[in-house]
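*Asks:* Using the sequences and the accompanying hints, generate a full structural model.
Below are the chains, spelled out letter by letter.
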Amino acid sequence: MMDNKNLRKILIGIAGRWTLIFLALEIIFFSIFGINYFSLKNLQNILLASTTVLLLATGETFVIVTGGIDLSVGFMVGFSGVICAKVMVTLQAAGASQAVAISSGILAALLLGLLPGLVNGLLVAKLRVPPFIATFGMLGIAYGFAEIICNNVPIMGLPTSVGSIGHGYLIYWLPGKIFAFLQKPENLTRLELQNLVSIIPNVTVITAIVIGIFAFILARTKFGQHTYAIGGSMDAAERAGINVKRHLIKVYMISSFFASLAGVTYVLRFITGRAPAGSARLLDAVVAVVIGGASLYGGTGTILGTVIGALIIGVLEIGLVNLGIPTYNLYIAVGCILIFAVLVDQFFPELVRKE
Amino acid sequence: MEPLLEVKNITKRFGGLTAVDNMDMEVFPGEVVGLLGDNGAGKSTLIKVISGVYHADAGTIFFEGKEVRIDNPMDALRIGIETLYQDLALAENLNVYANIFLGREKLKRFLGLINVLDHDYMLNESKKVLDRLEIEVPSLKNQIRTLSGGQRQAVAISRSIYWNAKFLIMDEPTAALGVAEQKNVLDLLKTLSSQGVPVIIISHQLHDVFSVATRLVIMRRGKKVAERITKDTTTDEIVGLIVGSLSGDYGDGNDDAKETAQVGKETSSVDEVQEGK
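Protein sequences, first through last, are from chains A and B.
Counting from 1, one number per residue, gives the positions in the first sequence under our numbering.
Counting from 1, one number per residue, gives the positions in the second sequence under our numbering.
Since the hints were derived computationally from the structure, they do not count as laboratory data.
Please read these numbers as outputs of a predicted model, since none were measured by experiment.
Among these hints, one or two may not hold up.
Stated by the list, open to error - To give an idea of the interface, some chain B residues facing chain A are shown, with a C-beta separation under 10 Å as derived from the structure:
hint, residue
1, 72
2, 104
3, 114
4, 145
Note that CB positions come from ideal geometry on N, CA and C, so glycine has one too.
*Replies:* Structure below.
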């Protein structure tokens, strides 16, 4: 009996940290079997490739902690992306400077991107539409509007500086010679260019800062505490005097803010606005949250866990590419992980909900 | 003596159903009032109106002699009306002290910039109140889901006490508890009323109500049918009033003089009880 109890304790201990162990094993595996997998350049590629999933999943964590789900974020990426690109192209054609065009595009995308979240929140909180239905409807609406805005074709011809932001790095380092922030050194010889080390992509910097801020909000503030309380018991939260409706609206707006930011980073990285951009990332985002320890029944989950979950998917994806395995296998793997994780949550809740 | 809480002509309808029908009730300082009635008599609806969960369709509430508007649970909490429900309204995924401070979290400045939760303060304050009530919980950092029914009840009561409840409403406080735990909760209730905090208790367990309540209010089909001083009545009479085999005092509702006389008499009786203590 004693052995059984100890074994149980050890298992729960491992279960609490299995994501981190799994992530490390993944990296070790691909570093051994992949080509140039464990290198600064490739690790940065993984972070870049994970941008959309990281952002969507962080916003989704807030919603899932309250016991809801936001399915609209898939096409929200395209929706805010085409708004961003359209505004940039239009202003540029009207003769605005690149700085004005780019900042207006980003601002417009982030502001208009809050709208679907507001509607989702009102539907869920005030009219008591199940989150699954409200946000599923919004998924279609966002896609339709995105296609209308871009006339069914990807928006091209963006200001040239978009690329230098999206493909830029925080630090450029030429060993022994140059150490520059944000600005890529000019007039380098071909050899120097080859040796130039670029450290931390701008997009990753933005992603990390925003995720860090919201991780802090969820973990340490009253807003975060109320988010958990609503997920634990909506009744208890309401009777404790928390304005549950207003809180839920804010939570759905946080989710659509992150989706919009994902749309903006998509435009920065690919220098185009496409309606279906990022839609396939919806599954990855939800799975990242669930792998990260959140229960789809609400009340648990952390941003740190979600980030690890997103990286598990990102590392796997780039690893498969590196090994030359078609990435559609990833969808199968990710789908299986989601169902498995939910089954564990349902039948062995003590593994997920730490005491 | 002034009643601490007085509700007048409270009516609450749900569609065509009148759950509470023109209900009057008074509670005096230091009293434990038992609110009795069969399922669907309107007891829970009435206390949800008082605690701000429901809006009354008609009627007024007076607290400490003044008319008050209670539009939401926060309003009720602010003026000192605390309610403990059958399901205790605890967030099971949060720990003990987080529940005691739920909705009224203590904050501190972080780097002079942003307000964050002050866990140390909340932990220490919660420890103090649990010690005062001699309640034992394995750890205040444990999630509520790991606690027993009695422990949860104790946490819920500590929460009201900590927030200096002037008035406590308890809906079926002993329903989910073992015998020993029931006794603890009832003892706690007596302690509260002896400190001047009046309590309304709703319970189906007449034995419990008789052991703690000084006065009983009986409801049937949304209406008050009778009021009795506990020591002047019997369980048989109360059961009769609850199920309707006895007609009650306000059943016909057209004898105003009788009603006034009755209320006046009971008020003086309550005063006698107070003086007798």
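*Asks:* Which numbered hints turn out to be false for this structure?
*Replies:* none
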